[in-house]
Amino acid sequence: MRDTAVRRVDWRAGLGDFSDCLLVGLLVALASVPVVTAPPAFAAGCRALDRARHGIVRPLWTTFWADFRRAARGGVAFGAFCAVGVVLAALDLEVAASMPGAGVLRPVLWVLAAVGVVVAVRTCEAVASSELPWRRAVPAAARSTAGAPGKALLVAIAVALSAVLVWMLPVLALVVAGPLCLAAVATGARS
Numbered sequence: 017m018r019d020t021a022v023r024r025v026d027w028r029a030g031l032g033d034f035s036d037c038l039l040v041g042l043l044v045a046l047a048s049v050p051v052v053t054a055p056p057a058f059a060a061g062c063r064a065l066d067r068a069r070h071g072i073v074r075p076l077w078t079t080f081w082a083d084f085r086r087a088a089r090g091g092v093a094f095g096a097f098c099a100v101g102v103v104l105a106a107l108d109l110e111v112a113a114s115m116p117g118a119g120v121l122r123p124v125l126w127v128l129a130a131v132g133v134v135v136a137v138r139t140c141e142a143v144a145s146s147e148l149p150w151r152r153a154v155p156a157a158a159r160s161t162a163g164a165p166g167k168a169l170l171v172a173i174a175v176a177l178s179a180v181l182v183w184m185l186p187v188l189a190l191v192v193a194g195p196l197c198l199a200a201v202a203t204g205a206r207s
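Here this note's numbering is used: position 72 in the sequence shown is 88, and no number is missing along the way.
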């Protein structure tokens, strides 16, 4: 009888973690409405889930916004840089389609874009976990991506799965950032 009660508590704790993950996804989506604030929002989401993962219980809503304001100081410039990078990658893919050798060039550009996305996600996690400034977090994330290709591959799979889920059901764009933050924290430097 006692064993059943323990399982019920574990189940409820897991449901609490799941609800925290979905709430973080909603908060990240809300804070990412101006596109350049997406990286600071993602970093704040990673920090909130990292706290929850380590058992630090604080009101998620208020700590998320405090972390978002702190991360936005240098993160908005990083977000603008990422937005420019996405536009340039899209233009490169369009131009590559009309060039000779497009069959080789397009997959290479897709791989480079995927590496850029993984480094950006890991940069946000590095800012959240070690409180590095954004300028120092980018090279640290690039080094950790090159140094741990297995973890980088897991982040790439999480990003691809998130993209497929949003493609299949666009309303999931409101919550998919939460599980993606959890994946970044789980494969991050402190994991």
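Hints may contain errors.
To be verified - Here are the simulated distance ranges between beta carbons:
(1) P116 x L46: 27 to 35 Å
(2) P75 x M115: 50 to 58 Å
(3) A82 x V124: 21 to 29 Å
(4) A82 x R122: 37 to 45 Å
(5) A164 x A96: 47 to 55 Å
(6) V127 x A82: 33 to 41 Å
Since the hints were derived computationally from the structure, they do not count as laboratory data. For glycine and all other residues, C-beta sits at the position ideal for the given N, C-alpha and C.
Consistency of the hints with the structure:
no.	hint	verdict
1	P116 x L46: 27 to 35 Å	violated, 45 Å
2	P75 x M115: 50 to 58 Å	holds, 53 Å
3	A82 x V124: 21 to 29 Å	violated, 42 Å
4	A82 x R122: 37 to 45 Å	holds, 43 Å
5	A164 x A96: 47 to 55 Å	violated, 28 Å
6	V127 x A82: 33 to 41 Å	holds, 37 Å
The structure fails to meet hints 1, 3, 5 from the earlier list, while all remaining hints are met.
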